[in-house]
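The chain contents come next:
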Amino acid sequence: MATRHDTAAPPAKEGGAAPVRPPAVVTEAEQRRRTRLSRRWRRDMRWSPYAFVSPFFLLFIAFGLFPLIYTGWASLHTVELTAPTDMQWAGLRNYTRIFDDDFFWNAARNTLTIGIISTVPQLMMALGLAHILNYRLRASIFYRVVMLAPYATSIAAASLVFVLLFGRDYGMVNWALHFAGIGRIDWQNDKWPSQIAVSAIIVWRWTGYNALIYLAAMQAIPQDLYESAALDGASRRQQFFHVTLPQLRPTILFTCVVSTIGASQVFGEPLLFDANKGASGGAEHQFQTLGLYLYEQGWVNQHLGRASAIAWTMFLILIVIGIVNYVISRRLRASS
Amino acid sequence: MRARTRSAHRTVAFAAVAALGAGLLAGCANDSGGSSGSSDTGGGKGKTTITLGLFGAFGYKEAGLYTEYEKLHPNIDIQENTIERNENYYPALVNHLTTNSGLQDIQAVEVSNIAEVTSTFANKLVDLSKVSGVQKSGWLDWKWQQATTKDGQTIGLGTDIGPMAICYRKDMFQQAGLPTDREAVGRLWAGSWDKFVKAGEQYQKKAPSGSTFMDSPGGLLNAMLGSLSTRFYDSSGKVVYKTNPAVKAAFDLTAKAAQEGLVGSQTQFQPAWDQTISNSKFAAVSCPPWMLGYIKGKSKPDAAGKWDVAAAPQAGNWGGSFLTVPKSGKNVTEAEKLAAWLTAPAQQAKLFSVQGSFPSSPAAYTMSAVTGARNEMTGDTPIGTIFATAAKGSPVQIIGPKDQIIQQGLTDNGVILVTKGKSPAEAWTTATKTIDNNLEK
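Order-wise, the sequence lines are chains V and H.
The first sequence begins at 2 in the numbering used here and counts up by one.
The second sequence begins at -7 in the numbering used here and counts up by one.
Keep in mind the hints are simulated off the structure, nothing from the lab.
Please read these numbers as outputs of a predicted model, since none were measured by experiment.
Certain hints may be false.
[To be verified] Result set (DSSO-like, lysine-lysine): computed pairs, CA atoms no more than 27 Å apart in a straight line: (1) H/K116 x H/K198; (2) H/K248 x V/K192; (3) H/K162 x H/K39; (4) H/K197 x V/K192; (5) H/K187 x H/K198; (6) H/K292 x V/K192; (7) H/K412 x H/K433; (8) H/K197 x H/K319; (9) H/K116 x H/K248.
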């Protein structure tokens, strides 16, 4: 039994890499035992871990890596969806044309503005909701489930309902606004109203999810911090700003990163909010996001090469955003 | 002993992982291969299963045509897979055709895509003109030509067409002081779309409050474009929509109607547009036979019988489909027979009486199912005869592979903007810029 320790040794030091075999003390018995181990056993020891992890990597190669490389290759060609094997070399033409492609930059701006309009209120509301839910409430489980319900709703169903709510002539939002003395707003055809409406779908869908994450983090904050703050005479409000918020910093960073990634990939909401059921994001492309533009070029217009170049450009933009995010979070950590 | 149980555990674990992985892969593979796999297994009783890939509402099943065919051919079993919208159906079909997998035995193609299919995929589809019982004279000439390649292969058999007339509300026309008799209404604008817009101006002067003459700018533009023989492409296949004076004239006339408030500000087939039907917000709509069914579906019951159908200023066509048979199918010969049977005059006539899909076969026009057809919305109007006249008068239109993109650009990124306060020139610029960007490879 004791000799088994060599295969299940604890890590050599805390935080170290995989278990390191301690230099074996080679006794006579040990030698004999080792020679008894069949070659098959050794091969098993060596290769079966790879077999265990292989399903993920095989699937990743088939559905992640290969499409990535193929898309890169296709982006250097003029190629149509109707004949994907008929590729004509185009060099960097698909990329250079992006620079003066008004529709691309329009979509990029829309992605940014929709991202801001949806992410900022969403995270602030989530924080507020989590704070309220953190108090002792009657039926708190019920509220938590209710908050998560939008997240469990399909985007398609939600978007279709929102399209009806935001209708110009018969929509409920305009009906409510008219009591406030505000005239009819054309939620689909005017630029800012349409972006706000699309953002509203996103906010509705993700606020509860983020609130639950915040709530979980809040409940992990030690109670004695609040106690000592209270002893020092801090009000509820001060406690929130000086105890809760600093303790939540890593969680807030996490939700910011996840929301930024989500915002840069917004697709379903504007697609289904489109009055034309197409992918142009409104008659004047007023709420067409990058994801939607990519889809329009690839699937509606069938220009595989152009769509691939857009996909790679989006990928590069995301990397830049990721680096900026990283730098900011390091600054924050350094300053605290 | 211990080592053995360990390796036994390992084997079990490995088997589990392998099974899981295989399951995942099979789950993916099912997606593309499922249909072709099912077609050779049949119903287990030695039956041949023929699958159809359709979109929208063809109504074959509802009209009982499958049951009828299965009764005639006891060894055949028919299954259909329907996708609601052609925008989702067609890209998948393109993918399946390029990879030659996942195809059904019979695939439907919409008229806006038939030019692309005919020019790019003819080598993957069966030449149906050689199938016994199929004759060129069985279809309207232009319908037959649309699915025929330059070297004379006919890869699609016409199902329905959409000859356009004008459906109008008798009660609203009367209130506005316009004639209500369908002959007199037809004379009001016979021969020219300008006259049609003039009639609209006349309507608008005394219109019931809150109503417009026509439903939408897109509907008006579609009707005009549908009556042109040359619109987006010239006969050599070059894109000419921007320089074709007829297209610009249709665009400008629609924009004028929009500026004068003669058309609603909705986009067709959107919920908001549906609401204008149920609230009786417009008096006329350009109207292929299937539109009557749509109106019926969205109207309140009291609108029944208030509609009538008059001839359009110029006959045109809107919509219609074809059935194709991919060469790589499992049951090509049986599929050919079924496609020919489904598109034969008798079946087309039956489909019209049940589903409102208008036959593309002139032989059906004299059948009682067509001449005797009535619609709840239009009372005792002989709609079959009216649409048959429109069908015969429709021009042989030059269609191109990207018709849909161009048409959608002109309507949804074009004339609709005029109803939102943009000038016609701005709308034209937005439309052409969008279309050109979408066409550029």
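Against the structure, the hints:
| no. | hint | in the structure |
| --- | --- | --- |
| 1 | H/K116 x H/K198 | violated, 57 Å |
| 2 | H/K248 x V/K192 | holds, 24 Å |
| 3 | H/K162 x H/K39 | violated, 53 Å |
| 4 | H/K197 x V/K192 | violated, 33 Å |
| 5 | H/K187 x H/K198 | holds, 18 Å |
| 6 | H/K292 x V/K192 | violated, 34 Å |
| 7 | H/K412 x H/K433 | violated, 31 Å |
| 8 | H/K197 x H/K319 | violated, 59 Å |
| 9 | H/K116 x H/K248 | violated, 46 Å |
Going down the numbered hints, you'll see the structure goes against 1, 3, 4, 6, 7, 8, 9, while the others check out.
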